Amino acid sequence: MSDRSEAFTLVITGAPYSSQAPQTALGFARAAVEAGHRIDRIFLYGDGVHLASALCSPPSDETHWPKIWAQFLQENRIPGIACIASALRRGLVNDAEQKRYELPAANLLAPFEIAGLGEWVEGRMRSTRTLYFHAGG
Amino acid sequence: MSTLIMIDQPAYGAWSGREALDMAFSLAAFDQAASLLFTGAGVTWLKRAQDPGEISQKSVEKNLSAAPIFGIEAILADRSACEKYGLDENALISGVKLVDANEALLGNYDHATFAG
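Taken in sequence, the protein lines are chains A and B.
Here the first sequence is numbered in our numbering, starting from 1 and rising by one per residue.
Here the second sequence is numbered in our numbering, starting from 1 and rising by one per residue.
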């Protein structure tokens, strides 16, 4: 790595299929990794948590953004974290939260995890830059 | 590392403002310097004596009043947006500082961000 390499935390707040945010973030993340930079973590916030849903079922001729993001995270060993408060409000839960709230299903797609905003705070501290991908409009 | 969290959405039409507030509180909880800036329609957050019971929402005034307790350094409001929305200092909750939301203001912070 050169001295100019960066460490990024990427925050995605726009949902797939209603915004361009997850796709734009993935394009950036791929380019950053290829250029030798490090992605410290991906933090999903607000509507961005929908990217971690295992239940998204787009038509087969459309890109499955949760799956290709999950694959990218696994291949590059990058943590992907969905904010717990945003996730619970929007019906995105892991096994532990399913049990805690006695819900009929869990739908968090691996390797995404659910955690608090402290993960965002820590990511900012460990990264040279933190970038936000919003829905816009 | 000081952070300015900006809110430009009205309090009861979008959730992003509430989530922005959570971001600011979270920074403060981890002893990171954080301030809030309300701009555009976001200044309506700061109106005194809100009563959103009829739309089944909780008043954001209560959330905001917790800001100093959480350690938020300042609650800032863009002066021109306040004028546009007819909010003079008497119409605002206490503890709000009127500022000009411009490049010079943002330059005082290491990070400036919206929640969505």
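The set of hints was computed from the structure by calculation and includes no laboratory data.
Do not take every clue at face value.
Computed spacing ranges between beta-carbons, pair by pair [stated by the list, open to error]:
(1) B:Arg79 <-> A:Glu102: 25 to 35 Å
(2) A:Gly118 <-> B:Ser56: 29 to 39 Å
(3) A:Lys67 <-> B:Asn90: 28 to 38 Å
(4) A:Ala96 <-> B:Asn90: 41 to 51 Å
(5) A:Pro59 <-> B:Lys62: 18 to 28 Å
(6) A:Ser60 <-> B:Asn90: 27 to 37 Å
Quick caveat: nothing in here was measured; it's all calculated off a predicted structure.
Ideal Cβ positions, reconstructed from N, Cα and C, are used throughout, including at glycine.
Hints and how they fare:
For the pair Arg79 of chain B and Glu102 of chain A, the beta carbons lie near 49 Å from each other, so the given range of 25 to 35 Å is not met. Separation of Gly118 of chain A from Ser56 of chain B is about 30 Å and conforms to the stated range, judged on CB atoms against 29 to 39 Å. At about 55 Å, the CB distance of Lys67 of chain A to Asn90 of chain B disagrees with the hint of 28 to 38 Å. A hinted range of 41 to 51 Å holds for the C-beta pair Ala96 of chain A and Asn90 of chain B, which are about 49 Å apart.
A beta carbon spacing of about 44 Å between Pro59 of chain A and Lys62 of chain B contradicts the range 18 to 28 Å that was offered as a hint. Between Ser60 of chain A and Asn90 of chain B the beta carbon distance is about 60 Å. The supplied range of 27 to 37 Å is therefore violated.
Checked against the numbered hints listed earlier, the structure breaks hints 1, 3, 5, 6; every other hint is satisfied.
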